[in-house]
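**Student:** Sequences and hints are given; from them, build the entire structure.
First to last, the sequence lines map onto chains A and B.
Residues 1 to 332, numbered by the numbering used here, are exactly what the first sequence covers, in order.
Residues 333 to 621, numbered by the numbering used here, are exactly what the second sequence covers, in order.
Wrong hints could be hidden among the right ones.
Stated by the list, open to error - Rough simulated footprint, nothing fancy, chain B against chain A, three-plus residues with beta-carbon under 8 angstroms:
{"#": "1", "stretch": "62-73"}
{"#": "2", "stretch": "95-102"}
{"#": "3", "stretch": "106-117"}
To be verified - Simulated crosslink set (EDC-like; lysine to aspartate or glutamate; CA at most 20 angstroms straight-line):
{"#": "4", "chain 1": "A", "residue 1": "Lys114", "chain 2": "A", "residue 2": "Asp83"}
{"#": "5", "chain 1": "A", "residue 1": "Lys114", "chain 2": "A", "residue 2": "Glu153"}
{"#": "6", "chain 1": "A", "residue 1": "Lys114", "chain 2": "B", "residue 2": "Glu514"}
{"#": "7", "chain 1": "A", "residue 1": "Lys48", "chain 2": "A", "residue 2": "Asp203"}
{"#": "8", "chain 1": "A", "residue 1": "Lys48", "chain 2": "A", "residue 2": "Asp178"}
{"#": "9", "chain 1": "A", "residue 1": "Lys22", "chain 2": "B", "residue 2": "Glu514"}
{"#": "10", "chain 1": "A", "residue 1": "Lys48", "chain 2": "A", "residue 2": "Asp83"}
{"#": "11", "chain 1": "B", "residue 1": "Lys510", "chain 2": "B", "residue 2": "Glu451"}
{"#": "12", "chain 1": "B", "residue 1": "Lys510", "chain 2": "A", "residue 2": "Asp104"}
{"#": "13", "chain 1": "B", "residue 1": "Lys510", "chain 2": "A", "residue 2": "Glu117"}
{"#": "14", "chain 1": "A", "residue 1": "Lys93", "chain 2": "B", "residue 2": "Glu514"}
{"#": "15", "chain 1": "A", "residue 1": "Lys93", "chain 2": "B", "residue 2": "Asp511"}
{"#": "16", "chain 1": "A", "residue 1": "Lys114", "chain 2": "B", "residue 2": "Asp511"}
These are computed hints drawn from the structure, not numbers from a lab.
Ideal Cβ placement from N, Cα and C applies to all residues, glycine included.
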Amino acid sequence: MSFLSVDRVTRRFGPTLSLGEKIAARLGADVETRAVQAVNDVTLAVEKGRTLGLVGESGCGKSTLGRVIAGILAPSEGAVLLDGQPVMQGTNKVTTRVQTVFQDPFASLDPRMKVGEAVAEGPIAHGLTARAQAAEYVAGWFARVGLDPAWAERYPHQFSGGQRQRIAIARALAMQPDLLICDEPVASLDVSIQAQIINLFLDLRRDLGLTCVFISHDLSVVRHICDRMAVMYLGRIVEEGETGAVFDSPAHPYTRALLASVPELVLDGEELVRFAPIQGEVPSPYDPPAGCHYNPRCPFAQDRCRAEAPALRLLPNGRHAACHFAEELPAG
Amino acid sequence: MMLLRRFWAEFRENRIALAALVVVVLVSLLAVFAPLITPQNPYDMTGLSLMDARRPPGFVGSGGYTHLLGTDPQGRDLLSAILYGLRISIQIGLAAGLVALTIGATLGILAAYAGGRIEMLIMRVVDLQLSFPAILLALVLVALLGQGKAQLIGALVAAQYAYFARTAYGAATSERRKDYIEAARATPLAPSRVILRHLLPNCTPPLIVVATVQIANSISLEATLSFLGLGLPVTEPSLGMLISNGFPYMMSGRYWISVYPGVALIVLIVAINIVGDQIRDQFNPRLRK
Numbered sequence: 001m002s003f004l005s006v007d008r009v010t011r012r013f014g015p016t017l018s019l020g021e022k023i024a025a026r027l028g029a030d031v032e033t034r035a036v037q038a039v040n041d042v043t044l045a046v047e048k049g050r051t052l053g054l055v056g057e058s059g060c061g062k063s064t065l066g067r068v069i070a071g072i073l074a075p076s077e078g079a080v081l082l083d084g085q086p087v088m089q090g091t092n093k094v095t096t097r098v099q100t101v102f103q104d105p106f107a108s109l110d111p112r113m114k115v116g117e118a119v120a121e122g123p124i125a126h127g128l129t130a131r132a133q134a135a136e137y138v139a140g141w142f143a144r145v146g147l148d149p150a151w152a153e154r155y156p157h158q159f160s161g162g163q164r165q166r167i168a169i170a171r172a173l174a175m176q177p178d179l180l181i182c183d184e185p186v187a188s189l190d191v192s193i194q195a196q197i198i199n200l201f202l203d204l205r206r207d208l209g210l211t212c213v214f215i216s217h218d219l220s221v222v223r224h225i226c227d228r229m230a231v232m233y234l235g236r237i238v239e240e241g242e243t244g245a246v247f248d249s250p251a252h253p254y255t256r257a258l259l260a261s262v263p264e265l266v267l268d269g270e271e272l273v274r275f276a277p278i279q280g281e282v283p284s285p286y287d288p289p290a291g292c293h294y295n296p297r298c299p300f301a302q303d304r305c306r307a308e309a310p311a312l313r314l315l316p317n318g319r320h321a322a323c324h325f326a327e328e329l330p331a332g
Numbered sequence: 333m334m335l336l337r338r339f340w341a342e343f344r345e346n347r348i349a350l351a352a353l354v355v356v357v358l359v360s361l362l363a364v365f366a367p368l369i370t371p372q373n374p375y376d377m378t379g380l381s382l383m384d385a386r387r388p389p390g391f392v393g394s395g396g397y398t399h400l401l402g403t404d405p406q407g408r409d410l411l412s413a414i415l416y417g418l419r420i421s422i423q424i425g426l427a428a429g430l431v432a433l434t435i436g437a438t439l440g441i442l443a444a445y446a447g448g449r450i451e452m453l454i455m456r457v458v459d460l461q462l463s464f465p466a467i468l469l470a471l472v473l474v475a476l477l478g479q480g481k482a483q484l485i486g487a488l489v490a491a492q493y494a495y496f497a498r499t500a501y502g503a504a505t506s507e508r509r510k511d512y513i514e515a516a517r518a519t520p521l522a523p524s525r526v527i528l529r530h531l532l533p534n535c536t537p538p539l540i541v542v543a544t545v546q547i548a549n550s551i552s553l554e555a556t557l558s559f560l561g562l563g564l565p566v567t568e569p570s571l572g573m574l575i576s577n578g579f580p581y582m583m584s585g586r587y588w589i590s591v592y593p594g595v596a597l598i599v600l601i602v603a604i605n606i607v608g609d610q611i612r613d614q615f616n617p618r619l620r621k
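**Tutor:** As structure tokens, then:
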């Protein structure tokens with residue numbers, strides 16, 4: 001069994017209707033009563049020490065899947081197992097071995113708590129350090145993420161975005177996790193800071209032997225740091241495989257379109273920027289198309305695609321893809 | 333500490349608010365030290381003489397001292413009675429405000445954190461209560477519970493906790509959605525710790541604002557109840573009752589019995605409200621220059 005296994009996880013978000021809204025809906029008023037399937041029957045596995053990249057457009061469910069793996073959201077169906085142990089029981093997280101680094105370091109730190117205390121409170125609560133040694137313990141992690149340990153007495157508003165993200169990383173790592181979920185950890189940072197944080201992340205991953213799930217919409221970052229990657233579209237995984245192989249020969253039409261949509265500078269030609277936006281709009285998640293969710297936008301769609309949802313299956317080249325015609329697609 | 337200093341520096345810039353704060357502090361000190369300042373203990377019935385009743389300001393009574401603000405229908409020195417009245421008003425207003433703050437904030441934050449049925453139950457009761465006037469509930473409760481300080485505070489708390497619950501609920505629901513709460517829950521930390529160390533401190537600014545305004549409201553509610561004869565016993569007149577006592581004499585030229593306690597009440601309430609407004613403006617980033 002894999003170190004992390006995501007077993008047929010589905011997560012729905014139903015509208016929470018008040019009594020009045022329920023009555024209005026009964027009387028035929030226009031009240032949204034449908035649920036959204038943010039994550040739809042996803043099965044994944046990550047080996048120990050490996051990093052899985054989770055990519056897709058906004059709203060594809062990658063953050064929701066990350067939160068389910070992290071034990072923040074309970075799955076509606078299915079289970080997440082870490083080393084064979086469930087991450088959640090009911091709606092309660094029952095392990096400290098999974099920790100999360102959030103996207104926005106301006107929101108993920110309590111503005112009224114000194115950063116040293118924010119790093120120390122989890123380890124103290126779970127007995128990873130004694131209260132008397134907490135300051136030393138925190139100083140160790142501050143040094144590890146490249147912060148001056150003397151800054152532990154400051155408040156979050158006294159730090160820059162990059163420094164805050166270092167604090168957030170220290171807070172997650174101080175819990176001594178085996179699995180780190182990074183939910184777009186560099187998306188809200190300046191480009192010049194992004195590289196620093198990515199490098200810090202790579203160093204820490206190597207030194208601590210971390211297993212990671214790295215959620216991003218930045219394909220170049222994923223290519224740089226992930227061993228494997230999974231591509232999501234409207235709640236389903238459409239392709240999964242070795243990062244390099246997926247980039248070199250995408251097996252799913254959506255992956256192809258996603259990779260082609262990355263802007264590219266062509267320096268020696270006339271064109272300075274070239275990219276091919278994906279045709280059409282993402283369908284409403286309330287009412288996803290029948291069959292393959294990608295069929296309205298897919299240039300290769302056939303009748304079968306409009307009727308039957310393709311399962312994620314193993315292709316001869318070791319790739320997993322959810323496409324009926326993955327082997328028959330024209331090259332390129 | 334640094335935040336507090338910055339807050340004070342900004343507060344000081346508003347001269348009117350600063351003056352109001354001085355008034356509040358001054359009146360509070362006068363009220364606290366009333367027994368040391370006043371020439372007479374107005375609650376000691378044996379020290380009162382009906383010969384001195386309803387005398388105008390400046391009258392020298394049987395006690396041998398000048399009644400600066402005149403005397404009331406029982407022969408009390410009005411200045412003494414006002415200071416003692418302020419003492420009671422501030423005591424009751426503060427006690428009722430703080431107890432209502434504690435209960436209301438607890439309920440509001442609990443409702444926001446727990447969600448679901450608990451939220452539904454708490455907030456519907458609060459909404460129901462906010463839909464009719466606080467004074468009505470206070471009147472009914474005082475009538476049911478009887479006279480006395482504790483009963484009066486109880487009635488005021490019951491009438492006012494809903495405002496705190498609403499405010500705390502509003503602040504907590506918006507804070508609750510933020511990442512730092514999610515991060516704390518995902519560590520995982522115990523719910524009690526998430527609520528007390530993370531949610532509560534971030535909900536305090538609006539609660540402080542409402543608390544200032546509600547303390548002023550408790551004082552005026554108490555005065556209203558006393559004016560209607562439902563507050564404290566007649567032997568210990570609070571400001572409302574002093575006003576009520578002088579009311580029949582207003583038209584016969586003995587204005588001072590009602591007017592001076594009324595002025596004292598208004599000055600206190602207006603001053604607290606100005607201070608409260610300034611605190612609210614300082615906490616509201618959209619009003620920042």
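**Student:** Work down the list of hints and note, for each, if the structure agrees.
**Tutor:** Hint-by-hint comparison with the structure:
Under the rule that three or more residues need a Cβ within less than 8 angstroms of chain B, the assignment of the stretch 62-73 of chain A holds, with 3 such residues. Under a criterion of three residues with beta carbons nearer than 8 angstroms to beta carbons of chain B, the stated coverage of the stretch 95-102 of chain A is upheld, 4 such residues being counted. With 7 residues carrying a beta carbon less than 8 angstroms from a beta carbon of chain B, the stretch 106-117 of chain A meets the three-residue requirement, and the given coverage holds. For a cut-off of 20 angstroms, the pair hint linking lysine 114 (chain A) to aspartate 83 (chain A) is broken: about 34 angstroms separates their Cα positions.
Proximity of lysine 114 (chain A) to glutamate 153 (chain A) is assessed by CA-CA distance (about 6 angstroms); at most 20 angstroms being required, the pair is judged to hold. A C-alpha spacing of about 18 angstroms is found between lysine 114 (chain A) and glutamate 514 (chain B), which places the hinted pair at or below 20 angstroms, so the restraint holds. With a C-alpha separation of about 17 angstroms, the suggested pair lysine 48 (chain A) and aspartate 203 (chain A) falls inside the 20 angstroms cut-off, and the hint holds. Under the criterion of a C-alpha separation no larger than 20 angstroms, the hint pairing lysine 48 (chain A) with aspartate 178 (chain A) is consistent with the structure, at around 9 angstroms.
Using a Cα cut-off of 20 angstroms, the hinted pair lysine 22 (chain A) and glutamate 514 (chain B) is violated, with the two alpha carbons roughly 29 angstroms apart. For the hint linking lysine 48 (chain A) to aspartate 83 (chain A), the alpha-carbon distance of about 9 angstroms falls within 20 angstroms, and the restraint holds. For the proposed pair lysine 510 (chain B) and glutamate 451 (chain B), the alpha carbon gap of about 19 angstroms is at most 20 angstroms, so the pair holds. In summary, the hint linking lysine 510 (chain B) to aspartate 104 (chain A) is supported, as the alpha carbons are separated by about 10 angstroms, within the 20 angstroms threshold.
For the given pair, lysine 510 (chain B) sits about 19 angstroms from glutamate 117 (chain A) by alpha-carbon distance, which is consistent with the 20 angstroms threshold. Proposed proximity of lysine 93 (chain A) and glutamate 514 (chain B) is supported: the alpha carbons are some 12 angstroms apart, at most 20 angstroms. Distance restraint check for lysine 93 (chain A) and aspartate 511 (chain B): the Cα-Cα separation of roughly 17 angstroms lies within the 20 angstroms cut-off, and the hinted pair is therefore satisfied. Taking the CA atoms of lysine 114 (chain A) and aspartate 511 (chain B), the gap is near 16 angstroms; set against the 20 angstroms cutoff, the hint holds.
Violation of the numbered hints given earlier is confined to hints 4 and 9; the remaining hints are satisfied by the structure.
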